[in-house]
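Residue numbers (our numbering), protein chains in the order written: chain A, 1 to 342; chain B, 1001 to 1329.
Heads up, a few of these hints could be off.
Cut-off 35 Å, straight-line C-alpha distance, at most; resulting in silico cross-link-like pairs (DSBU-like, lysine-lysine) [to be verified]:
id, chain 1, residue 1, chain 2, residue 2
1, B, K1027, B, K1223
2, B, K1104, B, K1223
3, B, K1223, A, K230
4, A, K152, B, K1239
5, A, K152, B, K1324
6, A, K244, B, K1203
7, A, K145, A, K230
8, B, K1324, A, K145
9, B, K1203, B, K1223
10, B, K1104, B, K1239
11, B, K1239, A, K244
12, A, K230, B, K1203
13, A, K145, B, K1277
14, B, K1277, B, K1324
15, A, K230, B, K1324
16, A, K145, B, K1239
17, B, K1104, B, K1027
18, B, K1223, A, K152
19, A, K244, B, K1223
20, B, K1324, B, K1223
21, B, K1104, B, K1092
22, B, K1277, B, K1223
23, B, K1239, B, K1203
Derived from the structure by calculation, the hints contain no laboratory data. Quick caveat: nothing in here was measured; it's all calculated off a predicted structure.
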Amino acid sequence: MTRATGCRGCKHSEVRIGIVSFAHMHAYSYARAVRSIPGAILAGITDDSEERGLAASREFEAPYYRSIDDLLVTDIDAVIICSENARHKEHVLAAAAAGKHVLCEKPIATTLDDASIMVNECRDKGVELGIAFPVRHAPPVVRAKQLIDEGKIGRVIAVSATNHGRMPGGWFIDRALSGGGAVLDHTVHVADLLRWFLADEARRVYAEVDTRMHDIAIDDCGTLSIEFEKGVFATLDPSWSRPKAYPTWGDVTMEIVGTSGVVSLDVFAQVLVHASDARNAVLYRPWGDDMDLALVTDFVESVREGRSPAASGFDGMKALEIALAAYESARRGEPVELSHPI
Amino acid sequence: MGRVHAGCYQRSEEARVAYVIDQDPTKAQELAATCGARAIGEPAAALLDPEVDVVDVCLPTYLHREAVEEAARAGKHVLCEKPAALSIDDAKAMLETCRACGVKLGVAHVVRYFPEYETVHQMITSGELGQIGTVRLSRVGPFPRGWTDWYADETRSGGLLLDLSIHDFDFLRWCFGPVDHVYARKARNDRPLEYALVVVRMKNGVIAHVEGSWAHPGPFSYKFEVCGSAGMVEYDSLKARPLSVVTAPAPVSPRGGASAAGSGTPGGVAVPESPLKSREPYLREIRDFLAYVRGESTPRVLPEDAVAALEISLAATRSALTGKVVSVS
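Please take these sequences and the hints and turn them into a complete structure.
Below, the structure is given as structure tokens:
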């Protein structure tokens, strides 16, 4: 194992990272990732829930700071923000003002105005803003992108995609904190992959959105139809439709149809099927690469090398635009045209 | 499809095939020989034969109306391959002619007889899955190459949404009742290929997605997923493979050439099968129709169902053309 030497984007030989909030459960996986990356240090934790923050501080052996400002005055280089969606803006702006690079959990924000302010502020303050789209780093996804770019299936004409999940509960179903339900939560990952695969922007979005499977006051299901500038069309099912009894949390699948072939992507298919008497359940046990580790590694390297992370704040904003257009389409009952540039 | 239906009549032990009608004498004779029938090039002899009760029409879609009405006027009951016709006017005219002539019309929406679809239909209608939220239906395969390439001609086949996805539209109606509106995108290419993704909103609120493909070079396959408040069901025909046979590649002779091919399947390629006996869908479809003809029962698919499925296909086709949401009456 080689130790990192030199650091263009930071002040030390090591990249020092703080985590802002463990409200989103991905924070735990990112914290583990930071601690396992040579040359990266988990240098501090802040959380508006002191109990949650202190527990994380003990688990990950990093100092706890009562307020984000206390964390931001330390000599950290960057923060990973895993607060509730509606609080991303406040935390990203604080980090930017303190000159810290940011990796922000998706969706970037709950409104396009907020996203735009965040992107501009980070640019003006000279800090990188990355958005946590870990699926871009999953090796089957990287391979699919390579096959498409090589022209293996000719020209891509359409994509049928899903990003199913379980109904997460908690603040995810509190509109004031989440900004939206399943359609916001699960549109942005695949929207980002589509933009990346196609190197194109969406121009039109149609969607059906509803609450039909859970007794909650926010959308739990829907289907989007998205058209891209160059004519490719895609559909996406972002529903929280996986029952508790399902053997895994959900999926990301893409049927990518080209003029001379098809790429069928099932990102989380690298599993064992485990029948557990102890849990009275059949479970999928993943054995593929850890994409959260790859995401955080890319972020740490971007800070060290003074470059942009794989998915930028702009990418986060464009993915959000598609999700918000889906809600607008469902309200209006017709396709929504996206204006460019935003 | 004529070959499949002929086999089912023979196996049904409720009917026998008396005539095989095809303008290609070789095709007609080949099939006729397998069921002890007479091969003829034109329908007249069969339509004049008082012993004939039923005419089974497996012609390309654009020829359905003429053939069905001719049979009806000769007093024969008719089982017609899906889709019933290319237009609502044609389909309604067929129904009207059959009614006026006092003969029964069946339209072969065979998916309703596929046991996997029957099983999930039963789970949906029994309430076992709770309130249904989303349904995903998929039917994909290579571009079909029919007689004179009629599938590639939308004016004769109606295209993918009419010919293939109509199975899934009919299944949605069977499970959930009428459709409210559709939004469809479709691509065509000269390879040739057709691919369509259709968002369907049922009047009862269910959100459905239908994928239809004549762009998949691999084996023909179909999938579904039904998600409700009390559970979900998923199915993939490629995974339901109780039997698969793979044969060793033909040995290569020392001189380098492969020995003469014995069997029709290439060595080293697994050929899956899903054999059924009493639940074989085409056989039960034929038996259901024969019981209807004998006046014993109402069939699972009424002619009106075929018209309604056609309306959804045509609405989706119009949406794909215009880029607009299309209401289904």
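Right, here's what the structure says about each hint:
no. : hint                : result
1   : K1027(B) - K1223(B) : holds (33 Å)
2   : K1104(B) - K1223(B) : holds (32 Å)
3   : K1223(B) - K230(A)  : holds (29 Å)
4   : K152(A) - K1239(B)  : holds (25 Å)
5   : K152(A) - K1324(B)  : holds (32 Å)
6   : K244(A) - K1203(B)  : holds (28 Å)
7   : K145(A) - K230(A)   : holds (18 Å)
8   : K1324(B) - K145(A)  : holds (31 Å)
9   : K1203(B) - K1223(B) : holds (23 Å)
10  : K1104(B) - K1239(B) : violated (38 Å)
11  : K1239(B) - K244(A)  : holds (23 Å)
12  : K230(A) - K1203(B)  : holds (33 Å)
13  : K145(A) - K1277(B)  : violated (44 Å)
14  : K1277(B) - K1324(B) : violated (45 Å)
15  : K230(A) - K1324(B)  : holds (19 Å)
16  : K145(A) - K1239(B)  : holds (26 Å)
17  : K1104(B) - K1027(B) : holds (28 Å)
18  : K1223(B) - K152(A)  : holds (25 Å)
19  : K244(A) - K1223(B)  : holds (22 Å)
20  : K1324(B) - K1223(B) : holds (27 Å)
21  : K1104(B) - K1092(B) : holds (14 Å)
22  : K1277(B) - K1223(B) : holds (22 Å)
23  : K1239(B) - K1203(B) : holds (32 Å)
The structure fails hints 10, 13, 14 (numbered hints given earlier, in ascending order).
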